[in-house]
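Novice: So the chains spell out like this:
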Amino acid sequence: MKNLFSKKNLIWLGVLLVFFFAVQVMIDTRIITPYYRQVLYWVGIFVILGVSLNIIIGITGQLSLGHAGFMSIGAYSAAIVMRDMPDMTGLLLGMLVGIAISILISLIVAIPTLRLKGDYLAIATLGVGEIIRIVILNLEITNGASGISNIKNLISWPLLFVFVVAAVVLSANFKNSAIGRACISIKEDEIASEAMGIHTTKYKVIAFIFGAVLASLAGSLYATTYYVVKPETFGIATSINILIIVVFGGMGSLTGSVIATGFIGVVNMLLQSYAEVRLIAYALILIIVMIFRPQGLLGSKEFGLDRILGYKPPLGKKPRKEKSA
Amino acid sequence: MSYLTVEHLTKNFGGLSAVSNVSISVNEGELVGLIGPNGAGKTTLFNVLTGVYKPTKGRVLLHKNGKDIELNKLPPYKITHQGVARTFQNIRLFKELTVLDNVKIAMNQQAQYGVFGALTRLGKFYASEADIESRAHDFLRKVNLDDLAYELAKNLPYGKQRQLEIARAMATGAKLLFLDEPAAGMNPQETQALTEFIAKIRKEMDLTIVLIEHDMSLVMNICERIFVLDYGKLIASGTADEVKKNPKVIEAYLGEEE
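Top to bottom, those sequences are chains A and B.
Once you know that position 174 of the first sequence is 224 in our numbering, the rest is easy, because the numbers rise by one and skip nothing.
Once you know that position 191 of the second sequence is 580 in our numbering, the rest is easy, because the numbers rise by one and skip nothing.
Worth double-checking, as some hints may not be accurate.
[Claimed, not checked] Okay, derived cross-link-like pairs now, BS3-like style, lysine-lysine, Cα gap no bigger than 30 Å in a straight line:
| # | chain 1 | residue 1 | chain 2 | residue 2 |
| --- | --- | --- | --- | --- |
| 1 | B | Lys462 | B | Lys531 |
| 2 | B | Lys592 | A | Lys252 |
| 3 | B | Lys592 | B | Lys633 |
| 4 | B | Lys484 | A | Lys167 |
| 5 | B | Lys484 | A | Lys252 |
| 6 | B | Lys564 | A | Lys351 |
| 7 | A | Lys167 | B | Lys531 |
| 8 | A | Lys252 | B | Lys462 |
| 9 | B | Lys484 | B | Lys456 |
| 10 | A | Lys58 | B | Lys513 |
| 11 | B | Lys443 | B | Lys453 |
| 12 | B | Lys543 | B | Lys453 |
| 13 | A | Lys57 | B | Lys453 |
| 14 | B | Lys484 | A | Lys58 |
Simulated from the structure, these hints should not be mistaken for lab results.
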């Protein structure tokens, strides 16, 4: 309990509560218009997607390009369950169904494909994403190419906030544990990792499943936010968009992914009024940032309280030194 | 008493026999050298012993607590769990991580919680993490690297990186260490420091060590027995003096006399 209510956690809790109520007040007073609210929802959903893909790519070092596939599983599960139960129970049930299917599929996919490395793995996961999309395209229950529409819209700021915070906290806990350390060691040097007694296949599978589960969750939120799900929404372009968030924020930096998603959301919003040059400007901004910060906005560092509070490591020997990469 | 026994070990790559019919045994607490000209199959032998390659023929037996464990049937991480660890010819540290994290990863087997514990931080999470952290510091103090605990591994001087790699292998709880050219690329002072380091840790931690080395001063200085490989075959074994005088060894290194 003492650890749970440490100074650091309490400050984070305070920051989150202030942020939550500030946004809630702005929504109530219409400072955040329904249009801005859509941006907010987009950012929230893609924060979950970015952070979960970062666990797979940035932390474990396994290049996966099929993330949108797992997102679609969650989206369709929620959409189908909510056809008969258009309420919160239906949404939560849909999420659980999506998570269950995602675990199953990611397990089936992970065991053979995670033996592959680099480019080969990327191509294999790309294929998996496409297979999921094509299966959905051809199933009866998913209503083929026209997709499912009129999904009950249950999204709200509190609901989104709870899921986003939960996803980010779980991911941070994942990273800062023996499991996270094992995953990072795989990214750093797989052969050395194995020689240190780490069952590398097992940890790669765990990371992959964890990422897939969160992606599925984000998909369910997507379905209820945009009330339409179509197979074409979850193609390779969406997977690449999530990848952009990860690279842009910094490989291995969860807070980087959060900040990058917010940044991209705001840029997209500001460019909305210049429809003709929007895509060009968006691409240019990405290129410029990647030229000046090739390691991403935060590199592999986390934005944390340690630095601000002058945090000392538990044994109180030496403050953590900051070294630039 | 024999600790590691290698029986008629052969490793073929296609038509090439990198290691052929090698039988050696290492006693508990011994420090053994493995030498041979370039391409003699020393590193291949290490890779077979640590599970990176499966042998074509033969067995590798570890005698532990009165039981024989067949290492050649285990994957590398399980071999490490049996108390056998190695270093690499080209340093393979986790470069972007701190010295402390390198050691903590080696101690990962000691974590007392699973995925659920890690995600929710319930149960033994905090206690186990604090335990690993303090053990890692204790360990670093033992190997004189504690003042560098928060440095990134890649920022250490070369000699310290070699030292950390050996320390990291020990941190897995290993009792048998395979060191692949620990002095490669070192100057005489660094080699001297390394020689002392190996002698010190071996005594303090009760280790059995097998090392590959080209630096003869190190091998002749600290190895109690030496095995000589050439073209994948064991051509000689014995003490440093015996090996030095062995005509087959001289021939392998210097060529045949006319």
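Novice: Provide an ascending list of the numbers of those earlier hints which the structure does not satisfy.
Specialist: 1, 2, 6, 7, 9, 12, 13
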